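Use these hints to put chain L onto chain P, whose structure you have.
Line by line, the protein sequences give chains P and L.
Numbering-wise, the numbering used here comes out as the position in the first sequence, counting from 1, plus 2.
Numbering-wise, the numbering used here comes out as the position in the second sequence, counting from 1, plus 7.
The hints are simulated quantities; they were obtained by calculation from the structure and are not laboratory data.
Quick caveat: nothing in here was measured; it's all calculated off a predicted structure.
Mixed in with the good hints, there may be bad ones.
To be verified - Simulated restraints on C-beta separations:
id	chain 1	residue 1	chain 2	residue 2	range
1	L	Glu164	P	Asp236	27 to 37 Å
2	L	Val184	P	Gly131	51 to 61 Å
3	P	Val309	L	Asp78	27 to 37 Å
4	P	Ala100	L	Gly143	52 to 62 Å
5	P	Met121	L	Ile61	17 to 27 Å
6	L	Gly63	P	Arg25	45 to 55 Å
Just so you know, even glycine gets a beta-carbon here, dropped at the ideal spot from N, CA and C.
Okay, here's what each chain looks like letter by letter:
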Amino acid sequence: MSAPPEASDVVRVAPDEATAGLRSKHLLSVEDLSPEEVLLIFDTAEAMKEIGTRRIKKVPTLRGKTVVNLFLEPSTRTRTSFEIAEKRLSADTLNVAAGTSSMVKGETLIDTARNLEAMAPDIIVVRHGASGACHLLVDVCSAGVINAGDGMHEHPTQALLDAFTIRERKTQFEGLKVAIIGDLVHSRVLRSNMLLLKVLGADVWVCGPQTLIPVGIERFGVRATTSVDTAVTDADVVMLLRVQFERMHGHFFPSLREYFTVFGMTAERMQRAKPDAIIMHPGPINRGVEVSSEVADGPFSVILAQVANGVAIRMAVLYLLAGVETDEEMS
Amino acid sequence: MPVVMEADRIGRTLTRIAHEVVERNRRVDGIALVGIRRRGVPIAQRLARSLLEITGREVPTGALDITLYRDDLMRHPVGPQPVLRRTEIPFSIDERRILLVDDVLYTGRTIRAALDALIDFGRPRSIQLVVLVDRGHRELPVKADYVGKNLPTSLRESVQVRLTEQDGVDEVVVDVVTDESVAVAEGGHRERTT
Numbered sequence: 003m004s005a006p007p008e009a010s011d012v013v014r015v016a017p018d019e020a021t022a023g024l025r026s027k028h029l030l031s032v033e034d035l036s037p038e039e040v041l042l043i044f045d046t047a048e049a050m051k052e053i054g055t056r057r058i059k060k061v062p063t064l065r066g067k068t069v070v071n072l073f074l075e076p077s078t079r080t081r082t083s084f085e086i087a088e089k090r091l092s093a094d095t096l097n098v099a100a101g102t103s104s105m106v107k108g109e110t111l112i113d114t115a116r117n118l119e120a121m122a123p124d125i126i127v128v129r130h131g132a133s134g135a136c137h138l139l140v141d142v143c144s145a146g147v148i149n150a151g152d153g154m155h156e157h158p159t160q161a162l163l164d165a166f167t168i169r170e171r172k173t174q175f176e177g178l179k180v181a182i183i184g185d186l187v188h189s190r191v192l193r194s195n196m197l198l199l200k201v202l203g204a205d206v207w208v209c210g211p212q213t214l215i216p217v218g219i220e221r222f223g224v225r226a227t228t229s230v231d232t233a234v235t236d237a238d239v240v241m242l243l244r245v246q247f248e249r250m251h252g253h254f255f256p257s258l259r260e261y262f263t264v265f266g267m268t269a270e271r272m273q274r275a276k277p278d279a280i281i282m283h284p285g286p287i288n289r290g291v292e293v294s295s296e297v298a299d300g301p302f303s304v305i306l307a308q309v310a311n312g313v314a315i316r317m318a319v320l321y322l323l324a325g326v327e328t329d330e331e332m333s
Numbered sequence: 008m009p010v011v012m013e014a015d016r017i018g019r020t021l022t023r024i025a026h027e028v029v030e031r032n033r034r035v036d037g038i039a040l041v042g043i044r045r046r047g048v049p050i051a052q053r054l055a056r057s058l059l060e061i062t063g064r065e066v067p068t069g070a071l072d073i074t075l076y077r078d079d080l081m082r083h084p085v086g087p088q089p090v091l092r093r094t095e096i097p098f099s100i101d102e103r104r105i106l107l108v109d110d111v112l113y114t115g116r117t118i119r120a121a122l123d124a125l126i127d128f129g130r131p132r133s134i135q136l137v138v139l140v141d142r143g144h145r146e147l148p149v150k151a152d153y154v155g156k157n158l159p160t161s162l163r164e165s166v167q168v169r170l171t172e173q174d175g176v177d178e179v180v181v182d183v184v185t186d187e188s189v190a191v192a193e194g195g196h197r198e199r200t201t
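With the rest of the complex left out, here is chain P (with noise of 0.2 Å):
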């Protein structure tokens, strides 16, 4: 793992500016974000990370402010990643997850969210099953909404602490050589960093299962293959995707021993990359089945890192949306 760059050396956006913001009020694709909004968002999350080393990781900045954080598909660490950010900004937080929510009894989204919608919170932050279902809550809700993946579509704030975390490491993306393996197909993760990272100018590898590969996946500019070996080599990064079983309805792979035989990373696979790599994971680890134990523990690993940025992203995103201007004809 090599020593984080000087700061001086990153690219910030103009460093005179007093005030900058976002356009929208809410962050549903990482595709409505400009090169510049990315790196506001970046930029205010280096500030926002020092928040975590005080003693009190707290500042009055969202104080009054109600965040609901609509939950309806299983989730820690996004959840409580959330909640950690929403808390050191002392915003009001609200948790409505799957299991204890109405929509057990029946209850659809849209009643759902218009219930939530009458007790008045500024920001509702949904993970959902269905692709798209926060674009629907945008057309009911006034409050701004945070995708937290939404299906197979996207999970926009994922794929800005993973390229904050790259940032950290490499300084910039221009001509690095991010390699991404795993389960293509059911992965938000991996289409929100495609978007992400072609837009940044990182070169972008994908590698799976010929199964696990969607149709016309060049159409994002990256270049896909089978074969680890050909991803790996010379690879700055090398993310890996979670092979997602509970998505899975019907036969990718033999089994999860060949899985791991084939595609697995191992130390020795890692050994193609450059000297300086690292292995990212968006959790949660299947270990022995993407990534060997002695990767993700191991010395290029910036697992852990991912999941400190991802409270320092999200503080970002909530403090940026938090200031931009509430329609008020919707209601």
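Showing chain L alone in chain P's frame:
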């Protein structure tokens, strides 16, 4: 636009303040400088250099960004957020005598925010305030302990401190603000809190 302090004058003023700090604090062991971003930071660093020359002791120096503590945050329904910058206080402030440093003292709101922010870092023995320019018009009960220059101004004027480290030149200028920019200042997140 009239220049009210030139490079020479700024340099001599800061040296004078450094001597006053030594005079009032006798031993500088327990003191630390914290500059408020953005222009309080280079001033704090210059004071640290003067204090080193005078006493031969290094005084720990930090930078504080008060953005997240501003009292006008989230009160404006429109407008982008102030850009957040990094706070760097690489030492414990507990039991230290803190010299809080800013360029211009105006409404006192920035200082209120800075005090709140500092208290979140620990419990200093005391906090003293150093400003290069005091332009009056306080809206909160705040008073500086060390003042470079008292500058009576009207609300229609703006006071700008420029420092070599950030602006390429050392000077303090007073500008008359036009009606339009007053409207901007009151409507948006302009530097109203200084």
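A quick look at each hint next to the structure:
1. L:Glu164 x P:Asp236: 27 to 37 Å: violated, 60 Å
2. L:Val184 x P:Gly131: 51 to 61 Å: holds, 55 Å
3. P:Val309 x L:Asp78: 27 to 37 Å: Given range 27 to 37 Å: holds, Cβ gap about 33 Å.
4. P:Ala100 x L:Gly143: 52 to 62 Å: holds, 58 Å
5. P:Met121 x L:Ile61: 17 to 27 Å: At roughly 60 Å between Cβ atoms, L:Ile61 and P:Met121 fall outside 17 to 27 Å, so the hint is violated.
6. L:Gly63 x P:Arg25: 45 to 55 Å: At 54 Å between Cβs, range holds.
Comparing the model with each numbered hint stated earlier shows that hints 1 and 5 do not hold.
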